[in-house]
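Student: Residue-level listing of the chains:
Number of protein chains: 2
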Amino acid sequence: DLGQPENYFSRETLDRLSGKRTDKVWLEAQQRQPDTVYLLFSDLSPMICGADQTKLCRFRYQAVQDLLQKPATVLVFLGVERRKPSSPHSDQTSQEPPAWFAISSDEEAAELLKRSQEKNCCFPKTPNRDLLKLSEEEAGVVAQARSVLCWHSRYSFCPTCGSSTKLEDAGFKRSCQNAACRSLQGVHNTCYPRVDPVVIMLVIHPDGNQCLLGRKKIFPARMFSCLAGFIEPGETIEAAVRREVEEESGIKVGAVQYVSCQPWPMPSNLMIGCLAVAISTDIRVDEDEIEEARWFPREQVIDALFRGVRHVFTVPPTQTIAHQLIRHWIGMTSNL
Amino acid sequence: DLGQPENYFSRETLDRLSGKRTDKVWLEAQQRQPDTVYLLFSDLSPMICGADQTKLCRFRYQAVQDLLQKPATVLVFLGVERRKPSSPHSDQTSQEPPAWFAISSDEEAAELLKRSQEKNCCFPKTPNRDLLKLSEEEAGVVAQARSVLCWHSRYSFCPTCGSSTKLEDAGFKRSCQNAACRSLQGVHNTCYPRVDPVVIMLVIHPDGNQCLLGRKKIFPARMFSCLAGFIEPGETIEAAVRREVEEESGIKVGAVQYVSCQPWPMPSNLMIGCLAVAISTDIRVDEDEIEEARWFPREQVIDALFRGVRHVFTVPPTQTIAHQLIRHWIGMTSNL
Ligand SMILES: Nc1ncnc2c1ncn2[C@@H]1O[C@H](COP(=O)(O)O)[C@@H](O)[C@H]1O
Ligand SMILES: Nc1ncnc2c1ncn2[C@@H]1O[C@H](COP(=O)(O)O)[C@@H](O)[C@H]1O
Ligand SMILES: [Mg+2]
Ligand SMILES: [Mg+2]
Ligand SMILES: [Mg+2]
Ligand SMILES: [Mg+2]
Ligand SMILES: [Mg+2]
Ligand SMILES: [Mg+2]
Ligand SMILES: [Zn+2]
Ligand SMILES: [Zn+2]
Chain A
1 DLGQPENYFS
11 RETLDRLSGK
21 RTDKVWLEAQ
31 QRQPDTVYLL
41 FSDLSPMICG
51 ADQTKLCRFR
61 YQAVQDLLQK
71 PATVLVFLGV
81 ERRKPSSPHS
91 DQTSQEPPAW
101 FAISSDEEAA
111 ELLKRSQEKN
121 CCFPKTPNRD
131 LLKLSEEEAG
141 VVAQARSVLC
151 WHSRYSFCPT
161 CGSSTKLEDA
171 GFKRSCQNAA
181 CRSLQGVHNT
191 CYPRVDPVVI
201 MLVIHPDGNQ
211 CLLGRKKIFP
221 ARMFSCLAGF
231 IEPGETIEAA
241 VRREVEEESG
251 IKVGAVQYVS
261 CQPWPMPSNL
271 MIGCLAVAIS
281 TDIRVDEDEI
291 EEARWFPREQ
301 VIDALFRGVR
311 HVFTVPPTQT
321 IAHQLIRHWI
331 GMTSNL
Chain B
337 DLGQPENYFS
347 RETLDRLSGK
357 RTDKVWLEAQ
367 QRQPDTVYLL
377 FSDLSPMICG
387 ADQTKLCRFR
397 YQAVQDLLQK
407 PATVLVFLGV
417 ERRKPSSPHS
427 DQTSQEPPAW
437 FAISSDEEAA
447 ELLKRSQEKN
457 CCFPKTPNRD
467 LLKLSEEEAG
477 VVAQARSVLC
487 WHSRYSFCPT
497 CGSSTKLEDA
507 GFKRSCQNAA
517 CRSLQGVHNT
527 CYPRVDPVVI
537 MLVIHPDGNQ
547 CLLGRKKIFP
557 ARMFSCLAGF
567 IEPGETIEAA
577 VRREVEEESG
587 IKVGAVQYVS
597 CQPWPMPSNL
607 MIGCLAVAIS
617 TDIRVDEDEI
627 EEARWFPREQ
637 VIDALFRGVR
647 HVFTVPPTQT
657 IAHQLIRHWI
667 GMTSNL
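Taken in sequence, the protein lines are chains A and B.
Quick note: the first sequence uses my numbering, first residue 1, plus one each step.
Quick note: the second sequence uses my numbering, first residue 337, plus one each step.
These are computed hints drawn from the structure, not numbers from a lab.
These numbers come from a predicted model, not from an experiment.
One thing to keep in mind: the hints can contain errors.
[What the hints assert, rightly or not] To spell it out: a stretch of chain B is covered by chain A in this simulated footprint if at least three of its residues, at any positions, have a beta carbon under 8 Å from a beta carbon of chain A; those stretches are: (1) 370 to 378; (2) 381 to 395; (3) 481 to 490; (4) 537 to 547; (5) 604 to 610; (6) 634 to 641.
[As the list claims (entries may be wrong)] Derived DSSO-like pairs: lysine-lysine, alpha-carbon spacing no greater than 30 Å straight-line: (7) Lys84/A x Lys356/B; (8) Lys24/A x Lys588/B; (9) Lys70/A x Lys24/A; (10) Lys509/B x Lys24/A; (11) Lys20/A x Lys509/B; (12) Lys450/B x Lys173/A; (13) Lys360/B x Lys252/A; (14) Lys469/B x Lys173/A; (15) Lys24/A x Lys450/B; (16) Lys509/B x Lys252/A; (17) Lys450/B x Lys469/B; (18) Lys252/A x Lys356/B; (19) Lys173/A x Lys356/B; (20) Lys217/A x Lys173/A; (21) Lys84/A x Lys70/A.
[As the list claims (entries may be wrong)] Pulled from the structure, derived: some chain B residues nowhere near chain A, Cβ distances all over 10 Å: (22) Gln367; (23) Leu403; (24) Val478; (25) Arg518; (26) Val531; (27) Pro533; (28) Ile567; (29) Pro569; (30) Arg579; (31) Ile626.
Every residue gets a Cβ at the ideal spot worked out from N, C-alpha and C, and that includes glycine.
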């Protein structure tokens, strides 16, 4: 990205070709192409492989063909590989770039694993942690695939009338099967995947030399992170930052500046990262959500980020936008 | 807002006090307070009044008490008035600031209108146009109220199992009534109001002196506006800007810069406004969505914005973030 830090889960290696989602003939032809890539999901986890289990298992049509016939299978068209302008094949314009699909199957995980010819395959059990081990390229693909599959898994009934829905548009639409349903008149968000915008913010002390970090009870010992919260209906990004910071820490915020964002596919959040300047300093935490919040001086933050000095506190890993926001602040205010 | 233009629908006159949403005793006491304000909605439109029909009708408990008992009524707690630090009452700390609620009723519109003691009351029929006539303060309240009510109107069934749901948390949660439903195990977005993030962008020509505007068939004659589109699962704001611009106009975008955002309560969008710098210039519109797109030179844009010279083209009204983005670009590049 130009001028912006690239966050994990945001690399776009595929061109989504959303215009092709309604072209059934084209999609079926792509499904059968020998170089088309299929990712297999079980219980919302992608099959991964390799000694350190950090690579996505890629399947060809032959290996998944039977799954595509099963009624419980969900198939999502993810896009086609972007041609790199510098690639040696770029003048072979006759050859189309490979298409990618995600398959969610209800077949037993053990049975699905037998389909792979690679060693050490598995479906990781803790996506929040295990999906952070992929390459940037694969993480970007998983961000799209898992978010859409989570939506199918939770939204198979029409919220407007309670009827069952059918999958359309190559996995990007679900339409109510009750012909009399209001959701079929006009365009409504009930038919489309849900994305939940969340604000995540690093709050800077009025003195410019400390930042506010908090911890939830479920965090690993001594880890502190940025405050965050869901944007509510009728709210701007900036208003949500002010409200959530005040709710969770009692701190009042003045200026808010957008920094960068990150798709977070657990299940389908869009983390909108901001810097926020505090205009008060007395912390009073909301104990339902936050166990502790503190002002940390810049030197301690630098230690936690770069120096491996972990006796004071730790920050979340580099794959999180919380880490990148903290780094952004340190980068702005010092010459490391 | 500090350093940011204030967009229509974004003024926050109420403190949402989200922590009070689960406090039934407090909420019921607020409902009965003599200075508590109720807004009445019919078919997702608020009752407005006044000669030019630009004010929200405010009701007291007495006038709506019977509606609150009806099973089809939806009641949403909007918050309490923010105390202005400069207000003459600010030292009367004993007196709590008035609470606001929105009521959605299925009683006949004509019957509801009889409850008002004001003249010229109505429920406007075209929210996209009629809700733009309110004051900034009232627009901010309506943004929250209408978005939440639209969600109740479309999401009364559980999308996970199809059962009916019950309203909780003062209108900010719906829980499935099927005790065996997966949505009751853990925290899931199915229970919470939906907000759809949308990117809206002014694309600047590589020469810096023209901007790209498009028109849909449904626009008034000669009106052109910014391109816009829904953020998809697994996508950043910046990636969505590039994808939607290329889909709708064929133009490739390089740098993207966030400017400001706007809640748009038809039904519950968050419009995220950006400037985007084009790196190509040949327009090829997606005719399903866009009737025409053109590069407009800066002078023509200034005419359309400020000079009332409307023979070339018009831009959307000042209440739209599209208008504000165009103005922001002109303000950046000239000294008007
Ligand atoms: N879309 C959503 N998904 C999950 N939880 C939500 C959502 N919207 C509101 N919530 C509530 O917000 C809480 C987390 O608080 P916060 O992230 O600070 O807004 C959750 O425990 C839910 O009660
Ligand atoms: N949340 C949503 N609400 C309404 N329409 C959506 C949504 N997500 C995707 N769409 C589709 O997006 C189209 C509008 O295109 P765009 O605004 O350019 O993304 C609509 O006609 C729908 O087909
Ligand atoms: Mg939070
Ligand atoms: Mg919250
Ligand atoms: Mg919170
Ligand atoms: Mg569009
Ligand atoms: Mg579009
Ligand atoms: Mg779109
Ligand atoms: Zn339906
Ligand atoms: Zn349910």
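Student: Okay, which hints does this one fail, numbers in order?
Tutor: Numbers 1, 2, 4, 6, 7, 10, 11, 12, 14, 15, 19, 20, 21, 24, 25, 26, 27, 28, 29 and 30, in rising order.
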